[in-house]
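**Student:** Start from the sequences, fold in the hints, and give me the full structure.
Residue numbers (the working numbering), protein chains in the order written: chain A, 16 to 386; chain B, 589 to 960.
Think of the hints as simulated: they come from the structure by calculation, not from any bench. Some hints could be false.
Stated by the list, open to error - Stretches of chain B that chain A covers, calculated by requiring three or more beta carbons in the stretch to come under 8 angstroms of a beta carbon on chain A: (1) 694-706; (2) 820-833; (3) 943-950.
Claimed, not checked - With the C-beta cut set under 7 angstroms, the calculated list includes, among others, these residues of chain B facing chain A: (4) PHE688; (5) ALA732; (6) VAL736; (7) LYS844; (8) VAL845; (9) LEU848; (10) GLY953; (11) PHE954; (12) ASN955; (13) ALA956.
Said to hold, decoys possible - Derived pair list, reagent style DMTMM-like, types lysine to aspartate or glutamate, alpha-carbon separation capped at 20 angstroms: (14) LYS934(B) <-> GLU205(A); (15) LYS844(B) <-> ASP149(A); (16) LYS844(B) <-> ASP147(A).
Using N, Cα and C, we set each Cβ at its ideal position, and we do this for glycine too.
Below are the chains, spelled out letter by letter.
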Amino acid sequence: MHSMAIDRRTFLIGGATAALGPKLGLAQPACARDRYVAACREPSGTYAAVAYSEGCGLGHRVALPGRGHDLVQRPGTSECVVFARRPGTFAIAFHVDGSAPPVEFRTRTDRHFHGHGAFSPDGHLLYTSENDFDAARGVIGVRDSTADYRQIGEFASGGLEPHDICLLSDGRTLVVANGGIETHPSSDRENLNIADMDPSLAYIDIETGDVLEVHRLPPSLHKLSIRHLALTLDDMAFLGCQYEGPASEHPALVGFHRRGESLRLIDAPDHAYRAMQNYVGSISADAAGEFIAATSPRGGRALIIDATSRRIVSQIPLADVCGVAPRHVGASFLLASGSGDIGGWSRAASPAPLATTHEDVAWDNHMIRLG
Amino acid sequence: MPSRSAFAVLRRIVQSGVIAAVLAAVLSVQAVAFDHEAFARRSLDRHIIPGYRQFAAAADAQDTAIAALCAAPTDQALEGARNAFGEALQAWGRIEHIRFGPVMEQNRYASLLFWPDPRGIARRQIERTVSQQDKEALAAETLADKSVALQGFTALDILLFAPASETLARSQPAAAFRCGYASAIARNVARVAKETLQAWSEPDGFAARWLHPGPDNLAFLSAKETTQAIGQSYLNGLKQLRNIRLAGPLGFKDRKVRPLEPPVPNSSRALALAIADIEGLRALLLDTGLSEPPVAGAPPHTVMQSTVGEFDTAISSIRKAAGLSKKPFEDAAARTQLILVGFPLKNAFDTGAAYLSEEAGLTIGFNALDGD
Chain A
16 MHSMAIDRRT
26 FLIGGATAAL
36 GPKLGLAQPA
46 CARDRYVAAC
56 REPSGTYAAV
66 AYSEGCGLGH
76 RVALPGRGHD
86 LVQRPGTSEC
96 VVFARRPGTF
106 AIAFHVDGSA
116 PPVEFRTRTD
126 RHFHGHGAFS
136 PDGHLLYTSE
146 NDFDAARGVI
156 GVRDSTADYR
166 QIGEFASGGL
176 EPHDICLLSD
186 GRTLVVANGG
196 IETHPSSDRE
206 NLNIADMDPS
216 LAYIDIETGD
226 VLEVHRLPPS
236 LHKLSIRHLA
246 LTLDDMAFLG
256 CQYEGPASEH
266 PALVGFHRRG
276 ESLRLIDAPD
286 HAYRAMQNYV
296 GSISADAAGE
306 FIAATSPRGG
316 RALIIDATSR
326 RIVSQIPLAD
336 VCGVAPRHVG
346 ASFLLASGSG
356 DIGGWSRAAS
366 PAPLATTHED
376 VAWDNHMIRL
386 G
Chain B
589 MPSRSAFAVL
599 RRIVQSGVIA
609 AVLAAVLSVQ
619 AVAFDHEAFA
629 RRSLDRHIIP
639 GYRQFAAAAD
649 AQDTAIAALC
659 AAPTDQALEG
669 ARNAFGEALQ
679 AWGRIEHIRF
689 GPVMEQNRYA
699 SLLFWPDPRG
709 IARRQIERTV
719 SQQDKEALAA
729 ETLADKSVAL
739 QGFTALDILL
749 FAPASETLAR
759 SQPAAAFRCG
769 YASAIARNVA
779 RVAKETLQAW
789 SEPDGFAARW
799 LHPGPDNLAF
809 LSAKETTQAI
819 GQSYLNGLKQ
829 LRNIRLAGPL
839 GFKDRKVRPL
849 EPPVPNSSRA
859 LALAIADIEG
869 LRALLLDTGL
879 SEPPVAGAPP
889 HTVMQSTVGE
899 FDTAISSIRK
909 AAGLSKKPFE
919 DAAARTQLIL
929 VGFPLKNAFD
939 TGAAYLSEEA
949 GLTIGFNALD
959 GD
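**Tutor:** In C-alpha cells form, the structure reads like this:
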C-alpha cells in the first residue's frame, strides 16, 4: 500500500517535477548526457548565457551586459567564455556549474569583439576575433586565462572582419573566416564597403602570428562573406557564408577547404540555398565529423550535408533557427531557434518532422556542446 | 414583476446575441487572411514606382542645372545647381529605404550616397581626384567604373558647397575641372535613377517578378516574400535612420568612438535628408495601406494610425532642431530636439514589427533580423 501511495504521488506530481526539474534540483536522472550552453534573450528583455540539457531544460545562468554571440569552452575545465555580439566589447568567463564567480573582460577601447574565440589546446591562451576599426583591419587578440584574461598580444587576422576562428588539430594553426565587410562602431552594424567586400579564409601560426595561407573565392563572388566555420576531425573546414549581393542571385552558401587545397563551394539541387535567403547563421560538424549542419534563420531551415560526399541529405524547417551543436552520438544535432524552440535531429529518425520542445528564451545565434 | 423579469432575460439574450454578433464580426475580420498579392500591387503602384519616378525626375533636373552652370557660370546658376542638388537628395531620401531589387544591383545603391564614412575615405578620394584633375572623372561613363565614393551626393556636396565651390560661379580655368566633374556625377546619378526605374517598369522587368512570385521566380517564391521585403524595408529603414543617421552624428557611444560626420555636411542638409527619410517611411505606411483597415468595413487600425502620428512628431522635432542651429549635432538645444526623435522612431519600429507579425504573419525573428 505504502509503495503504491508513493507511486501514485510520483505519478501525480511527476509532470510538474519534470518541468521544474532544474529549479527544484530534482529529476536529474531524466537529464540527457549532453549539456549545452548558448547566449539568449530572456522574456524580460535581459541577455544571458544559459546552460541547457535535453530532458532537464535550462540550467546555470549568467547575466550579460548586452547581447551575446558565440561561446567557447576552456579545454579540460567547466569554464566557458561568452563573447559580445559585434560591436560589443565585453566577454565573460564563467563556470557552467557556478563553482566560481564570473570574470568579465573587455577589448581595448580602439577594438571590439566580433563574437567568436578559440582556446589553445592547454586552455592557457584565449584567441579572439576583433576589429581594429579605425584602421579597418582584422586582428586576433591573445589573452591569458590564468590572469583574468589580461590581453598579452595581438596579431593580424590576414583579412578584414575576422568572424569565426578555430584551431586545427595540430594545436598551432588557427583558421580564420574573414568576413570581408568593413564596419565601424560609429555606424552600428552597417556594411561600409559593399562594393569592395573582400572575404577570405586565412591560416595563421599562433606561435609566430605569421599568416600561412590566404584563400579567396573567385572575384565574381566577392560579396559572399565567409563568416562561420565547422571543423571535421581531419581538419576539413566547412564554411557558412552570407551573400550581400542582389536577393535574386543565389550562390552556394556552404563551402569547404583543407590546407594546401583550393576553396570550393557545395552545389545544392532544387533551390535549397534559395530557401535560405542568402544567409547561413551558424554551421556545425557532428561528433563523428560525418555530417555538417548549416542553419538559416531567415529561411527558417537547416541543411544537413554529408561531409564526405558533400551532398545535402536533409532540409529541416524550423522558424528562426540558428543555434546548432552536435550531440555526442554521431549523425545527430541539436537545433535552437529565436522563438525558444529546440529540437534534435538524427540521421536515424530522419525524415520524420523535427520534434521540438520550448524554453522561454530567445536562443541566440550559436550553441555549443560542453565536452 | 414576472414580465419585467422576462424582459430582463430577453434583454440579456439580445445583448449576448449582439455581443456574439460583434465577436463574430471581429473574429471574421481577424480570420481574413492578409492579402499579400494586393499588398504587393499597392506597394508597387503607389509607392515604389512613384518614388523612383520622382527621384529620376529630380536627378534629371539636377543634371540639367549643373550642366547649365558649367555652360554659363553665374551666381544664379550656382544657386540653381545647389537647389537642384537639394531636391534630388530629398527625392532619394524618400525612396532610399527600398533596399531590394534593381537598386541593389551593379552597386547602384552604394554609388548614390557614400555614407556613413567614419574613416573619411570619400573626402580623401575626391580631393585627390580634384587636385590631380583626373580626366576619367569628367565623363559619366568612365566615372561609373571608379570608386563608388567618387560618384554620388557625397561628392557633389563637396564640389558644390565646400569653400572652393564659389569659383564655380566664375569663368575660371580652375573651376572648369570642378564643374566638369560635378556634371559627370549628376549625369551618372540621373542614369542610375533612370535605370532603376526602367529595370522595375520595363516589360519582364522587376515589377513582373514582384507581382508574380513562384517556383520559377528567382527573387520571390511567394507573395508573402514581397510583404517580407516591404516589412524589412520599413524596419531596417527606421533602424538605419535612428541608430546611424541620427545617433551616429550625435555620438551616443559608451567608449571613445568619434561621432560620425553627418551626411552632406558642406550643404548642411543632413536634417533635410532625415526628414525626407521619415516622409518616405510615413508614405510607405500610407501608400501600402498598412495604416488602413485590414479589410473593407473593419474599424481603422488605430495602432497603425497612431504610428503615422509618431512620424509627424519626429518630423516636427527635427524641424525645431534645424531652426535652432546650422550645426544641429553640436548645438546643445538642437541636440535635445534630435534626442527626442529617438522615441517616436522606436515606437514606429515596435508597432510596425508587431503589426507585421500579427496581421501579415511575418516572422520578425530574433536571429533572422540579426545579420551575423
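**Student:** Determine for every hint whether it applies to the structure shown.
**Tutor:** Do the hints match the structure? See the list:
1. 694-706: holds (count 7)
2. 820-833: Check passed, 4 qualifying residues.
3. 943-950: Check failed, 0 qualifying residues.
4. PHE688: Status holds, d = 5 angstroms.
5. ALA732: violated (12 angstroms)
6. VAL736: Given a least distance of 5 angstroms, the restraint on VAL736(B) holds.
7. LYS844: holds (5 angstroms)
8. VAL845: Hint on VAL845(B): holds, closest Cβ of chain A at ~5 angstroms, below 7 angstroms.
9. LEU848: holds (5 angstroms)
10. GLY953: holds (3 angstroms)
11. PHE954: holds (3 angstroms)
12. ASN955: holds (4 angstroms)
13. ALA956: At about 4 angstroms, which falls below the 7 angstroms cut-off, the nearest Cβ of chain A leaves the hint on ALA956(B) intact, so it holds.
14. LYS934(B) <-> GLU205(A): holds (18 angstroms)
15. LYS844(B) <-> ASP149(A): holds (11 angstroms)
16. LYS844(B) <-> ASP147(A): Answer holds: LYS844(B) to ASP147(A) is near 13 angstroms, not above 20 angstroms.
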